[in-house]
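Visitor: The primary structure of each chain is shown beneath.
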Amino acid sequence: MARIQSKGVSQRLQELLEGLERGLEEGLIPAGIFNDPELFELEASRIFSRSWVYLAHVSEIPSPGDYVLRYILNNAFIVVRSEDGKIRAFLDMCRHRGMRVCRAEMGNASHFRCPFHGWTYRNDGSLVGVPAEREAFGEGFRKEDWGLLPIPRLEEWDGLVFGNLDPEASSLEEWLGEIRWYLELVTKRSPMGLEVLGPPQRFVVNTDWKLALETFISDSYHTLMTHRSMIELGIAPKDAKYAMYGEQIHIPGKGHGTMVVGAPPGAKLPPFWGYPEEMMERARTSYPTRQQWEVARETRIFLVTLFPNFSLHNPIRKPDPQYPVPVPMLTFRVWHPLGPGRIEIISWGMVERDAPEWFKEKARLSYLRFFGSSGTFEQDDTEIWSHVAQNAASTLGRKVRLNYQMGRNLKPDPNWPGPGVAYPINFTDENLRNFYRKYLDMIQG
Amino acid sequence: MDVIREVLDFLHREAALLDEGRYREWLSLLTEDVVYRIPVRLTRERPPQGGYGGIAEGMLHMDEDRASLEMRVARLETGFAWAEDPPSRLRHFVTNVRVGEPVRGDRGEEVEVRSYLLLFRSRWDRPDFTFLSAERQDLLRRENGGWKLARRLVILDHSTLPTHNLSFFL
Numbered sequence: 430m431a432r433i434q435s436k437g438v439s440q441r442l443q444e445l446l447e448g449l450e451r452g453l454e455e456g457l458i459p460a461g462i463f464n465d466p467e468l469f470e471l472e473a474s475r476i477f478s479r480s481w482v483y484l485a486h487v488s489e490i491p492s493p494g495d496y497v498l499r500y501i502l503n504n505a506f507i508v509v510r511s512e513d514g515k516i517r518a519f520l521d522m523c524r525h526r527g528m529r530v531c532r533a534e535m536g537n538a539s540h541f542r543c544p545f546h547g548w549t550y551r552n553d554g555s556l557v558g559v560p561a562e563r564e565a566f567g568e569g570f571r572k573e574d575w576g577l578l579p580i581p582r583l584e585e586w587d588g589l590v591f592g593n594l595d596p597e598a599s600s601l602e603e604w605l606g607e608i609r610w611y612l613e614l615v616t617k618r619s620p621m622g623l624e625v626l627g628p629p630q631r632f633v634v635n636t637d638w639k640l641a642l643e644t645f646i647s648d649s650y651h652t653l654m655t656h657r658s659m660i661e662l663g664i665a666p667k668d669a670k671y672a673m674y675g676e677q678i679h680i681p682g683k684g685h686g687t688m689v690v691g692a693p694p695g696a697k698l699p700p701f702w703g704y705p706e707e708m709m710e711r712a713r714t715s716y717p718t719r720q721q722w723e724v725a726r727e728t729r730i731f732l733v734t735l736f737p738n739f740s741l742h743n744p745i746r747k748p749d750p751q752y753p754v755p756v757p758m759l760t761f762r763v764w765h766p767l768g769p770g771r772i773e774i775i776s777w778g779m780v781e782r783d784a785p786e787w788f789k790e791k792a793r794l795s796y797l798r799f800f801g802s803s804g805t806f807e808q809d810d811t812e813i814w815s816h817v818a819q820n821a822a823s824t825l826g827r828k829v830r831l832n833y834q835m836g837r838n839l840k841p842d843p844n845w846p847g848p849g850v851a852y853p854i855n856f857t858d859e860n861l862r863n864f865y866r867k868y869l870d871m872i873q874g
Numbered sequence: 016m017d018v019i020r021e022v023l024d025f026l027h028r029e030a031a032l033l034d035e036g037r038y039r040e041w042l043s044l045l046t047e048d049v050v051y052r053i054p055v056r057l058t059r060e061r062p063p064q065g066g067y068g069g070i071a072e073g074m075l076h077m078d079e080d081r082a083s084l085e086m087r088v089a090r091l092e093t094g095f096a097w098a099e100d101p102p103s104r105l106r107h108f109v110t111n112v113r114v115g116e117p118v119r120g121d122r123g124e125e126v127e128v129r130s131y132l133l134l135f136r137s138r139w140d141r142p143d144f145t146f147l148s149a150e151r152q153d154l155l156r157r158e159n160g161g162w163k164l165a166r167r168l169v170i171l172d173h174s175t176l177p178t179h180n181l182s183f184f185l
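The listed protein sequences correspond, in order, to chains A and B.
Using my numbering, read the first sequence as starting at 430 and increasing by one per residue.
Using my numbering, read the second sequence as starting at 16 and increasing by one per residue.
Hints in this document: simulated from the structure, not taken from any laboratory.
Glycine is no exception: its CB is placed at the ideal position from the N, C-alpha and C atoms.
Among these hints, one or two may not hold up.
[Claimed, not checked] Computed spacing ranges between beta-carbons, pair by pair:
id : chain 1 : residue 1 : chain 2 : residue 2 : range
1  : A       : Pro785    : B       : Asp48     : 57 to 65 Å
2  : B       : Pro177    : A       : Val829    : 23 to 31 Å
3  : A       : Glu512    : B       : Asp48     : 44 to 52 Å
4  : B       : Phe108    : A       : Pro681    : 51 to 59 Å
5  : B       : Tyr67     : A       : Lys572    : 34 to 42 Å
6  : A       : Glu512    : B       : Arg28     : 52 to 60 Å
7  : A       : Asp574    : B       : Pro177    : 35 to 43 Å
8  : B       : Pro142    : A       : Trp787    : 47 to 55 Å
9  : A       : Glu512    : B       : Pro62     : 20 to 28 Å
10 : A       : Asn504    : B       : Pro62     : 25 to 33 Å
11 : B       : Pro102    : A       : His540    : 45 to 53 Å
12 : B       : Ser43     : A       : Gly606    : 51 to 59 Å
13 : A       : Val754    : B       : Arg28     : 36 to 44 Å
[Unchecked claim] 20 Å max Cα-Cα, derived SDA-like pairs, lysine to any residue:
id : chain 1 : residue 1 : chain 2 : residue 2
14 : A       : Lys789    : B       : Gly73
15 : A       : Lys667    : A       : Pro753
16 : A       : Lys667    : A       : Pro700
17 : A       : Lys667    : B       : Phe95
18 : A       : Lys670    : B       : Thr93
19 : A       : Lys789    : B       : Glu72
20 : A       : Lys667    : A       : Pro755
21 : A       : Lys667    : B       : Ala89
22 : A       : Lys789    : B       : Arg52
23 : A       : Lys840    : A       : Met673
Just chain B, same shape as in the assembly (with noise of 0.2 Å):
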């Protein structure tokens, strides 16, 4: 299977695990060493040099390591959790995935990744929902045969949050 295939085939398992909640799996996707971080984004200037502006410098939503991610997950089980439980109706969209040359270094073979997210959020019996839409730059990396996720940095499209909290992973 080709570099990309398995790529695809990774960001589509994930997607499902965090939509059936499945946590515990979706862990076991990640490197000990993962380091996840969702900075906070605000209206700027536009960069001379293009790309992104007004990515916050010091501030994110989420800045995480394996220890807090799985603090997060574990809160999620205690059964009291109540942003999360019911839990909310997540459909991760994953789109327009580029990926890179993977390079071999010191921890193995590595890939960056480049994909697009529109995340359906509903919940209780409102008919309303809210949508979070992001680019996620992931570094995946192979362990023991498949590959598993080192880095990720989502930069939101949002600088005000439409949605009450952050109770999930993008």
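For reference, chain A alone in the conformation it holds in the complex (with noise of 0.2 Å):
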């Protein structure tokens, strides 16, 4: 107990991290964690300056010189793929005087010119033009001691794109252990891979990060309640509780977790999250193990979270009440923290490259009927996000200890044939007991 370095650390910010901690095993949470200005700074510091942070996806710079423009907090990247076909990522800064050197928030470009004095660096960072170089700067400057600033770390993952902050960061594939697994159900569904179906929606929302992650990575117990308008139109299945039937499964000390839901008992909902019949076929053989063909084959709902902000969810839904058979949607989104109370939800709508054009057509419209700014489902968690945030921010409020008791009786699933310790049911809060057990770890240390 009591591990948390007080240096720096008032009282009450003490108070609440000690209540986090003798809580978490009990299942009891403060709510002030959710929105408090002091955490906000130490958050920024010990995770979000330390972690892997999702930046980009491969399929959004496919060609030399294409560029997006990314954050990880208030730090803006540059993230382009240079003429020697490397990934490479910059802070948006010129080094002359501080300048934004992007003009866009994405593009094709060769150089980055800065608008101030007109520094001008090569898409590999370099700086190649000074204006008036020899009268200005003499003889013998030294230009390359002069290039944008990469970023401390940028690793590809199966054509996830991560930065980190920290230099001494360990791997991204050790950051990402045993969930990979999980993220291969999605990433290797094709030989061919994911694209993007377009840039992401970005939207603000007054919540905290952590209270949009936790619906993702454990709280299948909300859909019966936040979605019952989606359960009333006959979109969601008809057994309000179907989101329970599926496996839990978290990461031990890398604080992931998944869902993988399967078809509620007597539903009738075609194999394989309802893919094209071609595309199961293709999956047959792209998975790297049986394991994983045979769980996939039975899923319908699976979403997977990455400590500490990125998720994906991947449901079979109907576009709409009339469509005959429902289809799947894929979407991959950054939490990304504003300030205390406050995030941007970046969403973007993925696909499986080889999709065929009418299945990509009917997965884009699923998307944006139900997920992103405009989404039926996503409409309502932010709503709902907002208030718990406000409420956690009240003098009495942040004192009041919420209940994550969920499931805390259940034992592990034996027979789980994947990694990571598996949970028999969704209505359980055990991956979000592991995400704070990470969480806490990395604020002590």
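Grab the two chains, each in its own frame, and use the hints to assemble them into the complex.
Guide: What follows is the structure in structure tokens.
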């Protein structure tokens, strides 16, 4: 107990974190962690400055010169494919006097020229142009010392590009660990991999990044009430407990979690999320292991959340009540922390590169109907998350210990074929307890 | 009544229906083949030929047809659509209306209309509010004597939306 380093941490914050640590194993979490300016500062320095944070998918920047602008905390990075085909990321800040050198959110550029004094950088970050170089800086000015600052760490895994602000961070593979087996259910569904449907939707929500993450890492239980409108409409399955059926799995020590949901008993849902036959056939041989294929075949709703703020969601859905068959959609999202009680949701629609065109169109529409800025599921999530965050900042509310006791007496499923610790029902908070163990571990050290 | 007056009347009546939450009546103003789209808007280079830049290819905030708009309205009627229950206080301010020349085509008389939209949104008892600003590029078609909305493209003036959802119509 009281392992929190007290240096620079107020009494109030120390009490809050001790409350989290003390209550975690009993399933009690103080609401104050969801909207606290001091805690946000600590999260910024101890979590977001030391974690692998999702930046982009390789399909967003397929050709040399292609770039997108992305953020970790309030640091803007140009994520760019250089002429040699390698993906690099640079702080979007001129080394001369600090101006932004990237003039768009995405595009293609061989060079980035600063509009302030004209220093010009190649898309591999090297400084190649300094106006009036000799007159201004004299002979022998070492341009090679003044390239754009590269992000401390940048690594790609199976098309997913992550950055890390900590130069000493362990590798991305090590960070991901066994969650890769589950990510592969999506990234290796086709030998051609995934592509983005377009640039992300971006929208702000007055909430905490952990509240958004909680829903996607563990909270199958909210669907029956939060998303009841979609059950009433016949778009979500009739059985209001539909999200309960399946396994909830976490990776100990890593904070990551996944939910693998099958068909509710008696529901007539096609196998393999309802993907077209030809995609199912390709997946059978594309998956690295037979176990992955067998798990995927029985899956209808699938979520993976990576510590600290990336989630993917891959549910089967009817695009509208009249449409004859349900169609799966896939979204990637980042719960980007903007400040205490404020996040930006960056939400991408994704699809297999070699999916038939008719299917890509259905998957796109299904994504737009249900998730993202206008999504009929997500609309109600963001409304609810913002009110929880508002309460979490109140003088009484922040001390209230919330209930994270669902499924406390469950025993892990010994027969689950995948890695991690699996529980045979999704109505459990097990993934959250695992997430907060990792969270405390990083906050404390 | 001349066409400009008729179009203004249509836009003002439509705005009132949306602000008063009379969504079934709003649906009756749409054609069966209505296309309603809100593309994602991005910060991009100035287009050399002028015009709006940064309209994303391939990604939208909404890409709707009659069936999906009816689904969204039906959702609001379930009593469980928390995003709009209690409803947002909305005010659609429609200005700068430009009405094209009516054209008689295969599907009847049609007219292109552009208007500016400022949408005010306030929720719960909080004193803060959000604005969304956009241009709407509409196609109206005369059906059974009255104008109906056949196509709407909403050009948002936002890259990152300043609000937590689009649970209403622009």
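Visitor: Please go over all the hints and tell whether each is borne out by the structure.
Guide: Right, here's what the structure says about each hint:
no., hint, verdict
1, A/Pro785 x B/Asp48: 57 to 65 Å, "25 Å, violated"
2, B/Pro177 x A/Val829: 23 to 31 Å, "30 Å, holds"
3, A/Glu512 x B/Asp48: 44 to 52 Å, "47 Å, holds"
4, B/Phe108 x A/Pro681: 51 to 59 Å, "55 Å, holds"
5, B/Tyr67 x A/Lys572: 34 to 42 Å, "38 Å, holds"
6, A/Glu512 x B/Arg28: 52 to 60 Å, "57 Å, holds"
7, A/Asp574 x B/Pro177: 35 to 43 Å, "41 Å, holds"
8, B/Pro142 x A/Trp787: 47 to 55 Å, "49 Å, holds"
9, A/Glu512 x B/Pro62: 20 to 28 Å, "26 Å, holds"
10, A/Asn504 x B/Pro62: 25 to 33 Å, "29 Å, holds"
11, B/Pro102 x A/His540: 45 to 53 Å, "50 Å, holds"
12, B/Ser43 x A/Gly606: 51 to 59 Å, "56 Å, holds"
13, A/Val754 x B/Arg28: 36 to 44 Å, "38 Å, holds"
14, A/Lys789 x B/Gly73, "11 Å, holds"
15, A/Lys667 x A/Pro753, "16 Å, holds"
16, A/Lys667 x A/Pro700, "18 Å, holds"
17, A/Lys667 x B/Phe95, "15 Å, holds"
18, A/Lys670 x B/Thr93, "19 Å, holds"
19, A/Lys789 x B/Glu72, "15 Å, holds"
20, A/Lys667 x A/Pro755, "13 Å, holds"
21, A/Lys667 x B/Ala89, "17 Å, holds"
22, A/Lys789 x B/Arg52, "18 Å, holds"
23, A/Lys840 x A/Met673, "16 Å, holds"
When the structure is compared with the earlier hints, a violation turns up for hint 1 alone.
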